[in-house]
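Could you build the full structure based on these sequences and the hints that come with them?
Line order of the protein sequences matches chains R and F. Heads up: the first sequence runs through residues -8 to 519, numbered per this note's numbering. Heads up: the second sequence runs through residues 135 to 483, numbered per this note's numbering.
Wrong hints could be hidden among the right ones.
Examples of chain F residues toward chain R, derived with CB under 7 Å [said to hold, decoys possible]: (1) Leu281; (2) Pro304; (3) Val402; (4) Ala404; (5) Gly410; (6) Glu412; (7) Ala447.
Short, incomplete list of chain F residues facing chain R, as computed with Cβ under 10 Å [what the hints assert, rightly or not]: (8) Phe284; (9) Arg306; (10) Asp390; (11) Val411; (12) Pro414; (13) His450.
It should be emphasised that the hints constitute simulated quantities derived from the structure, not laboratory data. Using N, Cα and C, we set each Cβ at its ideal position, and we do this for glycine too.
Letter by letter, the chains look like this.
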Amino acid sequence: MKPFAALLERLAFTQARGAKLALLQRYFAATPDPDRGFGLAALTGGLRLATARPAQIRALIATRTDPELFALAYDYVGDLAETVALMWPDGDPGAGPPGLAEVIGALERASRPEVPARLAAWLDCCDASERLALLKLITGGLRVGVSARLAKVALAGLGAGRVSVEEIEEVWHALAPPYGALFAWLEGRGERPDPAGAPSFRPPMLAHPLEAEDLARLDVAAYRAEWKWDGVRVQLAAGPGGRALFSRGAEDMSAAFPDIVAAMGFAAVLDGELLVVREGMVAPFADLQQRLNRKAPSARLLASHPAGVHLYDMLFEGEEDLRALPFAARRARLETWFARVRPARMTLSPLLTAADRATLTALRDGAREAGIEGLMLKRADSPYLAGRPRGLWWKWKRAPLSIDAVLLYAQHGHGKRGGLYSDYTFGLWREDGVLVPVGKAYSGFTDAELLILDRWIRAHTIARFGPVREVEKALVLEVAFDAAQRSARHKSGVALRFPRISRIRADKPAAEADRLATLLGLIGHADD
Amino acid sequence: MTAPAAETWLKVRPEGLYCVPGDFFIDPLRAVPRAVITHAHADHARPGHGAVLATAETLALMRARLGAAAAGASQQAAALGEPLTLGGVRVWLAPAGHVLGSAQVAMEYRGRRVAVSGDYKRAADPTCAGFEPVRCDVFVTEATFALPVFRHPRAGGEIARLLASLALFPGRSHLIGCYALGKCQRVIALLRQAGWQRPIYLHGALMALCRLYEAFGVPLGDLRPLAGAAKADLAGAIVLAPPSAQADRWSGRLADPVTALASGWMQVRARARARGVELPLVISDHADWDALNATIDETGAEEVWVTHGAEEALVHAASRRGLRARALRLIGYGEEGGEADGAADGEAP
Ligand SMILES: [Zn+2]
Ligand SMILES: [Zn+2]
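The structure is reproduced here in structure tokens:
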């Protein structure tokens, strides 16, 4: 537990990719099997454990601490696991913390009601840093900013050049924690693990954002344009050995999207965008978010939020690797294949016609409807290359919109921003002079601005509802967002896509903030 | 004869805590005719007093920081444990273990004894005399870290984390934010104890006080000004700077620095993150939750007055143990600029 806790603690404060890699590599190199394999699984989301609910953790700490002191401490720290880790009385210093393998082995076998007693016994043997690691593991919230991809890059570093990260990704889905065979291969002590027909992930090709100077130089005729759908980029891999739906970070999402997997009765590897689609119409991203939040969706959610895929590209048809072919040729193969197979829940993402820069610009600026984030431009002769090669694919997002809104409520952030008010509800003026909440934002501000906002909120609180503070209607925030969408679920009638705080407008009186009518005028017109 | 209750002769005035029969203030917040100063941190040792009573170390630190003219029109040094009588009040200083020269103020008047802790800690510190509990009837305690989440780890363990980071990133400078008075010298002394004998580079604001510590017999090893250092020498070096200087332009001269901050506040992740620190080091010069409560009990006091910090939790905990406890609500400590660490967020110096 100790090396894992030390790793999490450093990762929690490390932003730079190079430094994260150094920390991960040292951990993998210095920690023995099987602990390091379980650490890898915990970081990459590869564990299925009995977890504890917040209510169980609260009940546990209530047996050890004074409730009033706990309440004061929790209000200050803002994060339940961290508060408990810091407050838990030190136990027997001689006992020593349990090993990670021991903890995970026990949790894999335990049922949820058994977890608290086990947890308490472990906490008694740990120091504060180990207690926090344990609690984060058991509440399922490590959140240390390590993607599966990054962990694999670190593993490739462990192989000292013998094994590339792409090779690791190709065998990854045939492996299971604690990854003994993988480490043996990386360290030159064992054979390459055999993926044996299991669907495997191919590193996707990514696009660069298109800047003004790139646009000026763009040879429009050499590119093909298509919509950049506002969903989640996915890879569909299916064949006789199985089916899998992968995120672009190689996370296996199959369990969360059984409706898509059921439609994958083919042998191919496809690149596309995962969306919620109702009667051919792409739903706002918020709808997809509800599906993404559920690891195992209910039948009801599957019916109310049906998933679909807009297909972009084809990497394999059967056993044949198409990745070296030009985009135009792959697209032709995809169209022919699609016409023949007609998989349910899938459509081809259409190619758009744009002969010149002006038409492209008009297309991109006109893209305001739900489900479209902007344009993709792909060179017709581009092979499908892993990573983000320069000049072949461009993504050209539409310009963000913005409003000046009034801060209404604030709440503690979770996890990394716990204890500070970092979760903001803002509103706009209705014709009758009432401020109506239109959205929430938790990002966009700098650390310095976060401290300013936190201080302002504490000084201007007029009411408290549990964790929520209502503040004086006096602070204007400039909120940027990607799109406004009509929504029956919101009191204002409008939902914002990816709202974030772009500026604190301390200079602007609240009365001069924007009106709701202004925002309603920015709603995409696709659904009218 | 029953002894007069402490609140009849020790009162909270706008200037600060005032001893009526002795006619002096303890750590007053504005200039007064007569002051007893617990230690030289800026929020306790304000400029412009008339007569100042403190330890010789505190007086020297005050002269260095405020200038001789502002450090009291007349200064009187008191040795630790040496009593004197002021207006019928027996007054003496006892070590507080906070920074060099830091002291508690003990007062006895008509058979009743009050000890004012000033800032204090119980953890070992090679740069100052260790805290000694004063048996008293009323204990006036600081409460900077008076929440049960503040349980400071061993400082030696935090230094070990710093050294491990230097081993993992040998090419990167490690820039440690720390207060100029106390924390800086303690971090240096702890590094020397841990075997780090290489030069330690100091931001200009820190050198003078380090030299003063050395003059009082606290050796700090090879210290060098950052200003003259070659970029190559700073790769893999330890550099100390006041927290406010961390983002200064000169830090751009450091090789891809790992930014660290040595403060008790680093125990809470959101606070550490808000400071943009890559390596938070939980090294505090204040008593943590367990030490505050243990100290209250050791003094034998039946009454506790709590000042500057999270009074509510400590008052609650002391009351649960059957003590009379109240918050003094003195405003102004741990808030002023200079070495305070951002108003909402600073470790009260
Ligand atoms: Zn103080
Ligand atoms: Zn102090």
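Against the structure, the hints come out as follows:
1. Leu281: 5 Å, holds
2. Pro304: 11 Å, violated
3. Val402: Holds. Min distance 5 Å.
4. Ala404: 4 Å, holds
5. Gly410: 5 Å, holds
6. Glu412: Glu412(F) check passes; min Cβ-Cβ to chain R is 5 Å, inside 7 Å.
7. Ala447: 5 Å, holds
8. Phe284: 8 Å, holds
9. Arg306: This interface hint holds because 8 Å falls under the 10 Å limit.
10. Asp390: At about 8 Å, which falls below the 10 Å cut-off, the nearest Cβ of chain R leaves the hint on Asp390(F) intact, so it holds.
11. Val411: Given a least distance of 6 Å, the restraint on Val411(F) holds.
12. Pro414: Since chain R brings a Cβ to about 6 Å from Pro414(F), closer than 10 Å, the hint holds.
13. His450: 6 Å, holds
Taken one by one, the earlier hints fail for this structure only at number 2.
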